[in-house]
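Turn these sequences into a full structure, and let the hints steer you where they fit.
Given next are the chains, with one letter for each unit.
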Amino acid sequence: MSMNREGRPTGTGTVASAETSAATSGSALLPNEPLLFEIGDTEHSGVDLPDVEPFESRLGGFGRKSPLNLAGLTEPEAMRHYVRLSRLNYSIDSGMYPLGSCTMKHNPRLNEKTARLPGFADVHPLQPLSTVQGALQVMEELADWLLTLTNTTAVALSPKAGAHGELCGMMAIKAAQEARGQGHRKVVLVPESAHGTNPATAAFLGYSVKSIPARDDGTVDVAAVEAALGPDVAAIMLTNPNTCGLFEPQVIEIAAAVHAAGAFFYCDGANFNAIMGVVRPGDLGIDAMHINLHKTFSTPHGGGGPGAGPVVLSAALAPHAPVPFVRRGAEGLELVEHAEEGHLGRITAFHGQMGMYVRALTYMLSHGGDGLAQAARDAVLNANYVKARLEQVFTAPFGGQACMHEALFDDGFLAGTGVSTLDFAKAMIDEGFHPMTMYFPLVVHGAMLIEPTESESKQTLDHFCDVMLELAGDAREGNAERFTAAPLRAPRRRLDETRAARAPVLSWTPPEAAAG
Amino acid sequence: MSMNREGRPTGTGTVASAETSAATSGSALLPNEPLLFEIGDTEHSGVDLPDVEPFESRLGGFGRKSPLNLAGLTEPEAMRHYVRLSRLNYSIDSGMYPLGSCTMKHNPRLNEKTARLPGFADVHPLQPLSTVQGALQVMEELADWLLTLTNTTAVALSPKAGAHGELCGMMAIKAAQEARGQGHRKVVLVPESAHGTNPATAAFLGYSVKSIPARDDGTVDVAAVEAALGPDVAAIMLTNPNTCGLFEPQVIEIAAAVHAAGAFFYCDGANFNAIMGVVRPGDLGIDAMHINLHKTFSTPHGGGGPGAGPVVLSAALAPHAPVPFVRRGAEGLELVEHAEEGHLGRITAFHGQMGMYVRALTYMLSHGGDGLAQAARDAVLNANYVKARLEQVFTAPFGGQACMHEALFDDGFLAGTGVSTLDFAKAMIDEGFHPMTMYFPLVVHGAMLIEPTESESKQTLDHFCDVMLELAGDAREGNAERFTAAPLRAPRRRLDETRAARAPVLSWTPPEAAAG
Amino acid sequence: MRYLPHSDAERADMLAAIGAADVDALFAAVPRAAYNTTPLELPPHSPEFLVEAHMRQLSGRNRAAGDGPFFVGAGAYRHHVPASVDHLIQRSEWLTAYTPYQPEVSQGTLQMLFEFQTQVTRLTGMEVANASMYDGSTATAEAVLMARRLTRRSRILLSGGLHPHYRDVVRTYVGDGDDLVCLSASPEGQGDILDRIDDSTAAIVVQTPDFYGHLRDLQAAADAAHARGALLIVVVTEIVSLGLIEAPGALGADIVVAEGQSLGNPLTFGGPYVGLMATRKEFVRQMPGRLCGETVDADGNRGFVLTLSTREQHIRREKATSNICTNSGLCALAFSIHLGLLGEAGLRKLARLNHLHAVRLADALAAIPGIELLNRHFFNEMTVRLPIPAAPAVEALAQRGILAGVPVSRLEPDDPQVENLIVLAATELTTGADIAALVNALEEVLA
Amino acid sequence: MRYLPHSDAERADMLAAIGAADVDALFAAVPRAAYNTTPLELPPHSPEFLVEAHMRQLSGRNRAAGDGPFFVGAGAYRHHVPASVDHLIQRSEWLTAYTPYQPEVSQGTLQMLFEFQTQVTRLTGMEVANASMYDGSTATAEAVLMARRLTRRSRILLSGGLHPHYRDVVRTYVGDGDDLVCLSASPEGQGDILDRIDDSTAAIVVQTPDFYGHLRDLQAAADAAHARGALLIVVVTEIVSLGLIEAPGALGADIVVAEGQSLGNPLTFGGPYVGLMATRKEFVRQMPGRLCGETVDADGNRGFVLTLSTREQHIRREKATSNICTNSGLCALAFSIHLGLLGEAGLRKLARLNHLHAVRLADALAAIPGIELLNRHFFNEMTVRLPIPAAPAVEALAQRGILAGVPVSRLEPDDPQVENLIVLAATELTTGADIAALVNALEEVLA
Ligand SMILES: Cc1ncc(COP(=O)(O)O)c(C=O)c1O
Ligand SMILES: Cc1ncc(COP(=O)(O)O)c(C=O)c1O
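Chains as they are written, first to last, in this note's numbering: chain A, 1205 to 1720; chain B, 1205 to 1720; chain C, 136 to 582; chain D, 136 to 582.
These aren't lab readings, by the way, just hints derived from the structure by calculation. Heads up, a few of these hints could be off.
What the hints assert, rightly or not - Partial selection, computed: residues in chain D whose CB lies under 10 Å from chain A:
(1) 170
(2) 269
(3) 468
The structure presented is a predicted model; accordingly, all values stated were derived computationally and were not measured. Glycine is no exception: its CB is placed at the ideal position from the N, C-alpha and C atoms.
Shown next, in the form of structure tokens:
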């Protein structure tokens, strides 16, 4: 099996086709479900509509002639299709989801309830402002919380996710550099351990990315930053707490150096959960930072979104915030929708993710300032507890120090066992757990990044650690087969990713039989 | 293995302890979940409440001194506990649920939505009537639909379930007999095939139950009824369509004979789904009939309730309807809450199952008269389709005729295979289906009663029949082990019911270790 | 129609497989005179958005409890139910499962019921509890019948503090005979029930907090009943009270029945609710309703099943302890989740908060000239005597946007003694502003 | 705090196991100056019922679309979403799952995405679709960048019928340079975009139905673009239109981007919505966003995985096609369920109904003296010219309880030509009564 630099196996070659496990072929509680297009047809429908008498259309010659071929299901069929499919998913609600860097915390249902109040869910973004004062107030209150939590000057609420927030923040930086006559600065510094969105964002805006190496302890050396800074550097994108789960101890010095060199400090705030209510990033010298409401502020991940990535901005960048934003006017709250001098234009239609604003604000009000700080402290406590318990066996690359919200291990403890990080992850599934983040950050070989979040009880953490230690023990005793064949107790065994990518099948087409 | 009259094995002796199946000990998608009391404790809580400053209580000496010992969970723990537990359940939404006599049809979510409108869910039963006119109108509209569908004179909405409706209807009959000076009639006729609630209800009211045998074709002979009638008979309780899934062909003659003998005709309407919108029971001569809104009108079964069992009444019984009921008055709708001359008193506090009224009315409005009739016809079509396909192998005791909404088989086709109806049922679980109703009705040996309802598509029925035929073939080929050891692919294997009943453990107590 | 999966082509295929000419042929057993081939006189099927609009319109014609100050109790209480409860009970696997007759694929429901039973025993201080009844009132009637079976006696005494609806239900269930003694309403907490117990008495039925809000002395009742070989049936309509008030089981109750609505279940104009029933271990075989018990599976793993079914109609038919079949499973789940979220600490705090608000309400009412507060000891509910008839006063308050409680005359129309009485409840949701608004409006109405 | 599972005792135990004196010790790496041990100036934690009350109060200060006649469109549309859609997407397994990076326990999400992609290809008439973008506007900007990569040209032409917000987003994304040509607003459906295509043009961006409701001739646009080696990017903001209007793919579109909100997703003041993106098979490796593909597992059973990730940031980092990571999974699910419920027959009928109501609205508006209807061909949206400025008129109508549409000047404040224009939409929910009320009120406002 070939390994790349991070130690990730590149094929599915680890899996010998084993005897079919019972669960794989579908049973009463873990069904096999055909595709929508294999169940439905173009005649069936699960929506009743009034009959339409013939009338003279105004479509001109633009009417649809090409087939639609959309499968329809009646409501009972649809209900079953989507319930059965859903049963094949793991979720936070069904078990610990220790994905490092993802902050898979409890998603309170109060948030879902408030987001569905008709005054939020059934309101159009372009209604007259006099009819949406409550919505604007949600935006204002959310902005206030974010500003207080970060000690910054302005916040752009509209980014639709973390990466969008990065784009927004880096655009503001670009605009600020241009406003200063520094548009020629074309380099962005990004530590090796950064999330992929950081270099991708910088490149997206035409910057070239200069990598900053990590120190042996997993943190960034201010000296390395100073060495990389120069008149061509527009900004640094630094994640703090970083993706190794560590607080950058020299962050204030780094900020100072960056500013001294005429650059800005973009902070990736994906890991804000570790410090919310405890550390205000503005006090560290950041200029822009996105906050993933779908991580730190509990809006649900939804199988991959939607999220929201508001960006807080320092005084230097505040004049370059994008539109729209809310401000107080004579007749109540106003929405500034058109870019005034210096402001960025829109980065999205309308005003951003109101549904997420409502959820996040509900979450904040529920926790209060005290609860948010306690949540951060518990998140850190939990990660350190897992770290302390697993360190008995697991190899922690940056072991000596306390971690923040997540504990990072490498695959050192698996050396010679024939078990890879991937194999280990798949074996966790058989024991009832979703795997941790694997092979990220890239600075560690066979990385295992475990973020329990504050939502996990000690009981669950203990069970998790027991299972992890038992698995590790078993791997080291030579029972590689348990790992390389895993999972055996999931609806599917390992999937052939190479095959998927080699000749991509990205949509359903009827089998030859039906077609011919 | 000993068998009782119905052919039901009385022990779990069929199951040799086999090798533990993987699924049994919990995996990522089918977890093992400890008890609430094993997770929570008396300190944890998932509810925040304002702090209460000390104050002078008005409890007198009645304050609680004995321990509560109630386990509490924080919200993330609770969410997980109940989601994990739920994943161990089968449901209509996850697969066909062919329980005969139970009408496990699709439960539309529109019904759940309307039932939660604040004007229904957040209204107190004893608010001034001027503030609940919409609620009274729901009751009136529901009553109108039921009366039209049944061609009867009055309806008592308040019964809380089918059996409660039986009680209500039989109380009305008792009152009517007493009003006629016929209070001495102490016998109620009940066919052998009747549901257990029928004889239980009669006995509950002090009647003695006289059993009417079934004919060889599964229906009741008017001659047998006539023979049993007499001056001591207060009523007959007849299910139509009956529990063998057959329409009683002589029902009109039976009604006439019953009436001629001075008795009343209570019809168990649990199977109304087969004929709603097609046959009006009032046209058959019934005097009282309950309608399980949780069967025919799609209110969810909820793992065993709540239901609602409104009872329609003939002109003869209408004066004996219980309170409360709605009527139109000068200032809008009125609620008659106190028994006037002849009326029965209350059979429940307040006004019955408003939550179910809203759901059932929503369902009726969605279907319309045409849709309800079509649903009944589809239910009958589906049952006959299953019957036709399975009859190839399965033995149908009353085979010749078309069935109504459910198809009845006996265990004749399993003779000599060493496989019982129970075994067969458990093997269905391994193939992805909930078993049909077993060992009911009692008139058939090893009964298998299959009610697909109108909600199942042809595709699902075909898959179901394929599986059933494959299983039957396998049983007859001698693979008894597949059945006697089943289920192997469920969260639990067969449970020891004898042990449960011998030394009942009905609540949790801490293990000795913890106590000692 | 959106709920019906078949196309006409599929129907035709199925008929062909059956060998029937049409669906009408399948209805051949139906007498032609009673067979309708054309739709009945009912509206046709309707799009979801039109049905929803109609139901919204009806809903809009009701005043929701949350729309303003609200003090209505008398057997159903407005508490805050955490959002997670309603979310959870709507999961398909809870909502659309049947009674757990196939335990291997119903362990969720079964374990929940086992937990529910455990919670009810602990709340009530009893040894066993069943898996729910329809509601508190029918549970009370069933308890009366159970007591008769247990004692083989027939005389039943109902306290004058019992909820009038509950009394009426018992009366309907057991019939109006000499052996049912309904004591007259006791709005002042008075009553001579203990003196009426004799050797033919099967049980006395005492509610606490009673309908008028009074806390009743259960120990005295138990002692008096037991002295004559009778049983004490205790009724609780506000289950939250048990977070602050002594458990009936600790005071000698033989059967405890209760309305569980306050936990987990919205008001919904009276139902569905959830009846609780608990008793002594030795009485379990005379208990009605389902019971869930612990056992093991063929691999020795712990699991749960419905048990002692030989008490029930589906096995015992006319010899069953009751005819009950469908009960209140989903409401029991809501109850159990809410109580699981509260836990002991939360329930105690909730009960204290209810009591505190009730104390404030009582003090505010008692301070209004002309109003007499009838309760010395109470939990979250109380009765006041107005100088005028209560029913029109409550209506006048409703016109002012305040739902002020229940005029007792609505439930006891024939008893002139209660004409001026209102029963009012406070819960954790009652605010100081609500109380002030009530006091203001009452003063207006009385002026 | 209800969301935090630890008791203080548990915290102490854990600290002991860690070997830390207190939690502060775990924060040792934080510079002391920036470390807060006391809570920030924020309100303290709050009971659920108080938080809910606050949010209800804010919600109550907004007018819901359902509260009265409603004609607002312009990129977001009020359609009826079946109750089952919102129920299903709230299932824990959909709502609280992460991106399906572990396919063995994420087949639900993956199969759904595969179905979604298939639906999008069929709707748009394209060969491949991705697993969603944030929304229609950002998808448009990404499509522009994709076209530049594909053609290695840089000039982009934006039609004057493109939604102004979309235009603004493209402008923000690519910067205001010579190579971005934004044609001026074309409320009459006019425009000379085809004449502006040259050999340096990467793509032209054409919306249909356009912002003003006009149906645009895509075939002509495709032919003109392809003749100069440029690509045609088609934007659709009302996806329901594709039930009645020719698929862009059938008319030569190279990239189709759309806002999918109309299916499955409520208005929610503008987000979250779901961006759709579809293209030709040969372009797939330049497409941004996630893709789900079919494969088999080790036992040979069909299964699904995220694939072609070498386009994406988490593998390719600075060489990725986009920085997008989190997308709109749950909104895509809602879209897919709603479209799965509709099916072809339902979508066609829904589109016809929308068109019918729009025709009625157009006819009613055109009949008002002084009002000019600008559209000859349209789907469910149209533009009218009032004799007075539109913004105050719309405000005056709102005061009368009617949300009458969008004054174009709100989006194009600097263009005097549009000052009197309103864009109005009708959907299946628009009733005759709504239209009559609008006409009445408009006549009043114009009088
Ligand atoms: C460190 C880090 N940065 C950025 C992101 C991107 O955020 P989003 O997925 O919301 O675009 C993530 C998300 O996983 C992350 O972990
Ligand atoms: C034929 C028949 N009668 C009566 C009943 C009792 O109805 P319920 O369970 O609603 O009390 C049932 C329920 O299964 C039944 O099938």
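Now for the hints, and whether the structure bears them out:
Hint status for residue 170 of chain D: holds, given a least beta-carbon distance of 6 Å to chain A, under 10 Å. Among the interface hints, the one on residue 269 of chain D holds; its C-beta lies about 4 Å from the nearest C-beta in chain A, closer than the 10 Å criterion. With its C-beta approaching chain A no nearer than about 7 Å, residue 468 of chain D sits inside the 10 Å limit, and its interface hint holds.
Hint compliance for this structure: every hint is met.
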